[in-house]
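Following the hints, complete the assembly by docking chain B onto the known chain A.
2 protein chains.
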Amino acid sequence: MSVIRLSHGSGGVETSEIVERLFISRLGEALKKLPGGLGLDFPDDAAAIPMGDGRYLVVTVDSYTVNPPFFPGGDIGILAASGSINDVLMLGGKPIAMLDAVVVEEGLPMETLDKVVNSFLSVLKSEGIALIGGDFKVMPRGQLDKIVITTVGIGVADRIIVDKPKPGDKIIVTDYVGDHGAVIMMLQYGENPGAFKSDVKPLTKLMLPLLEKYSHYIHAARDPTRGGLSMVLNDWAKTGGGVIVVEEEAIPVRSEVASYAHMLGIDPLHLASEGVAVLAVEPSVAEEALKFIQSLGFTNARIIGEFRESQRYRGYVLLKTQSGGFRILEPPRGDLVPRIC
Amino acid sequence: MSVIRLSHGSGGVETSEIVERLFISRLGEALKKLPGGLGLDFPDDAAAIPMGDGRYLVVTVDSYTVNPPFFPGGDIGILAASGSINDVLMLGGKPIAMLDAVVVEEGLPMETLDKVVNSFLSVLKSEGIALIGGDFKVMPRGQLDKIVITTVGIGVADRIIVDKPKPGDKIIVTDYVGDHGAVIMMLQYGENPGAFKSDVKPLTKLMLPLLEKYSHYIHAARDPTRGGLSMVLNDWAKTGGGVIVVEEEAIPVRSEVASYAHMLGIDPLHLASEGVAVLAVEPSVAEEALKFIQSLGFTNARIIGEFRESQRYRGYVLLKTQSGGFRILEPPRGDLVPRIC
Chain A
146 MSVIRLSHGS GGVETSEIVE RLFISRLGEA LKKLPGGLGL DFPDDAAAIP
196 MGDGRYLVVT VDSYTVNPPF FPGGDIGILA ASGSINDVLM LGGKPIAMLD
246 AVVVEEGLPM ETLDKVVNSF LSVLKSEGIA LIGGDFKVMP RGQLDKIVIT
296 TVGIGVADRI IVDKPKPGDK IIVTDYVGDH GAVIMMLQYG ENPGAFKSDV
346 KPLTKLMLPL LEKYSHYIHA ARDPTRGGLS MVLNDWAKTG GGVIVVEEEA
396 IPVRSEVASY AHMLGIDPLH LASEGVAVLA VEPSVAEEAL KFIQSLGFTN
446 ARIIGEFRES QRYRGYVLLK TQSGGFRILE PPRGDLVPRI C
Chain B
146 MSVIRLSHGS GGVETSEIVE RLFISRLGEA LKKLPGGLGL DFPDDAAAIP
196 MGDGRYLVVT VDSYTVNPPF FPGGDIGILA ASGSINDVLM LGGKPIAMLD
246 AVVVEEGLPM ETLDKVVNSF LSVLKSEGIA LIGGDFKVMP RGQLDKIVIT
296 TVGIGVADRI IVDKPKPGDK IIVTDYVGDH GAVIMMLQYG ENPGAFKSDV
346 KPLTKLMLPL LEKYSHYIHA ARDPTRGGLS MVLNDWAKTG GGVIVVEEEA
396 IPVRSEVASY AHMLGIDPLH LASEGVAVLA VEPSVAEEAL KFIQSLGFTN
446 ARIIGEFRES QRYRGYVLLK TQSGGFRILE PPRGDLVPRI C
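Quick mapping for you: the protein sequence lines, in order, are chains A and B. Per this note's numbering, the very first residue in the first sequence carries number 146; after that it's consecutive. Per this note's numbering, the very first residue in the second sequence carries number 146; after that it's consecutive.
With the rest of the complex left out, here is chain A (with noise of 0.2 angstroms):
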């Protein structure tokens, strides 16, 4: 009999696979997404809404289950609010408002529902997003790990960037990539992760002030949560019907986090961040958007690469090793670590 794996669920090349088996391929074209937006007719963060002047109306959903609900750098209310802020981001929309739906066990301490909510309207109130709807529901102890918190974040974008990049297109990553993942695994093997912490955040910061300068540009923008720079990289290989190469060295990694994986012999690349953005940016303006990115406090930014034609390998990425080679980063299968976000 066939059960459903943990890999189901790790965002990688299985979650793909039953995604389209059991929901999209099973939708007509009609039922994929509304006339004139985005929907399941084409991998990306965020749904998209025709508005009728031109604008769009940015919609997204997902359920946070991230165990432990406290970690280094955040708990499950900053990510279950930043999460969605960023897909709503990734799409080109400005987020303006969010709904949430709270699961909650039975003999959850109150002090800890009230910490989690208090750090989830923290982030909407800095980011002046308004908590429009919701719902809460409690299941009996012994049917659910602590929490369980789904949310819905919505946006306006005049323009939105469908995931598709063009030839001679940089590939622009905004900060250091894997450590969400990398403190999370560590906190779920018992391991202290000492001064280590997630990269968890909201990034309008980056994202607002980009879109408004180089929206134009910008041919694809994802935040590489779940499966990790790797997945990012080979869907959008395969959208923009090229290869992406890309240097290894030129790819930002903490040295703990690389060599964490390396000890238990994962791809850093597959390790999820929750608080960067990865970018497929026009060539004559890449140096530039660079620039401005730095300048606008996210200095470890770096061009890691690009997006070319190619009939040979359509589809794949291809990291060029420091010894000068090449291999093919492949998208992550497998349950690397359960419950990351």
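Be a bit skeptical, because a hint or two may be false.
[Claimed, not checked] Distance condition first, Cα-Cα at most 27 angstroms in a straight line; then the derived DSSO-like pairs of lysine-lysine:
(1) K260(A) x K177(B)
(2) K239(A) x K358(B)
(3) K311(A) x K350(A)
Treat the hints as calculated values from the structure; they're not laboratory data. All values reported here derive from a predicted model rather than from experimental measurement.
Positioned in the frame of chain A, the structure of chain B alone reads:
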């Protein structure tokens, strides 16, 4: 130490209190809704966002946890689709799109998930509602009982129905109340529900024609889910600032439901329905609207009472009993039955 209790999630007084205390009271007025819209400033089924052309976008989110996931008359997939469709309708919206976030337990038979997703999609297909986005996560074995589905319902409304009954309004109930709650309770108590089944269904065939014809005369509309008819009427007595007087014998309750509830010492008016609407309608058209509702196939619809101005009983629901006396219909408290929806 204060902890989360099942009653916090039962949709009654304790749910209102915890949501008010943790969320609503902590948000300034500006962050409870979008300008000109409807949000956490007012207790209703869904939120409304002005579209700039006089219309509103209606958005709602709910997490469905029903246990067992399959029950006579439906399953968690049908419930998750219908519930969010109905919440859009009750605010006066025409449902056009949905997003979903599914969290399942590792080890769940694929066949189970397959059936649930097929049920969910079958509702969207028969209603012509697009599925434009989603999320899929897996929690390790033992950390979640089977499945939780969160759905986001999206619709468009020319006018929204903000639940404020006006003096003289007749209260219409469109069908037998409490069927869903009674069936789930029977199953949780290990009893055989026999031929008896849940009323779960989308209410588009009722509400769309009704809104087209009578939307200006409907001053409140709600589906009596968690908390039952009692919670709806108590909410309306408060938002309207008057009293609701109901004829007990006019309320459509199946005799099986009434006797099962009484056996357990529960008021059947506290039991959830998932395919029923409660409406407050201007008295001049109430009889005509009732006939129209019955002509749509809802032959059990009844006028059960009215909303009146009252200083003395402001905020109360009075039930006129068969003996001619009155009793106060209290809003539900405590935990009737967990995971009812």
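Results for each hint:
1. K260(A) x K177(B): Answer holds: K260(A) to K177(B) is near 20 angstroms, not above 27 angstroms.
2. K239(A) x K358(B): 37 angstroms, violated
3. K311(A) x K350(A): Roughly 26 angstroms separates the two Cα atoms, so the pair holds.
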